[in-house]
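Could you put together the complete structure from these sequences and hints?
Sequential numbering of the sequence shown, starting at 388, is according to our numbering.
Since the hints were derived computationally from the structure, they do not count as laboratory data.
Take the hints with a grain of salt, since some may be wrong.
[Unchecked claim] Using 27 Å as the maximum straight-line C-alpha spacing, the simulated DSS-like pairs for lysine-lysine come out as follows: (1) 510 x 521; (2) 390 x 480; (3) 549 x 480.
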Amino acid sequence: MKKTSPLRAVSEGLDRVCGALIVILLGGMVLVTAAQILARVLCDYVSWIRPLSWSEELTRYMLIWATFLGATCVYYHGGNIAITAVQSLFPQKAQDLVRTLVHLICLVLFIVLTVYGIRYTQKLGKNAASLPIKMRWVFVCVPISTCIMGWHALTLMLENAKALLTGKKEAAD
388 MKKTSPLRAV
398 SEGLDRVCGA
408 LIVILLGGMV
418 LVTAAQILAR
428 VLCDYVSWIR
438 PLSWSEELTR
448 YMLIWATFLG
458 ATCVYYHGGN
468 IAITAVQSLF
478 PQKAQDLVRT
488 LVHLICLVLF
498 IVLTVYGIRY
508 TQKLGKNAAS
518 LPIKMRWVFV
528 CVPISTCIMG
538 WHALTLMLEN
548 AKALLTGKKE
558 AAD
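The structure is reproduced here in structure tokens:
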């Protein structure tokens, strides 16, 4: 059995939680949209049924959350767009070094985005247009997701650095 580092274990746990939340959000989007369609059709036949005024806004906010949480899963699994044509010309050690530096740069970016995302969401005080929630609850997905991506970047960077220093196995993506 392969021993997992505590950093990797947390990353795997965060990835599983984000994946589950994405499934819930996408399922919720389908249900809310179906309810809206049904309500619009039925309002012509049943006088007490009205179209749902809040459904489009809720669906939009669930999509925003699903997108940002999805970005964390994409980063963790190395599914982001990468230009590997030049990188593949170098020997494996140099490729591992480049990967480590890329994760370091990403980590710095995610820290900056988390800090400024927190500052921005703290300033948001107005309510959503048709839902009784503050807009900060919609936009807090930015600092949450960038913080998670920062954790993934730290994990991957340290795993790559360890592989470089020990010379064992190919570094993690």
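Consistency of the hints with the structure:
no., hint, verdict
1, 510 x 521, "holds (11 Å)"
2, 390 x 480, "holds (24 Å)"
3, 549 x 480, "holds (12 Å)"
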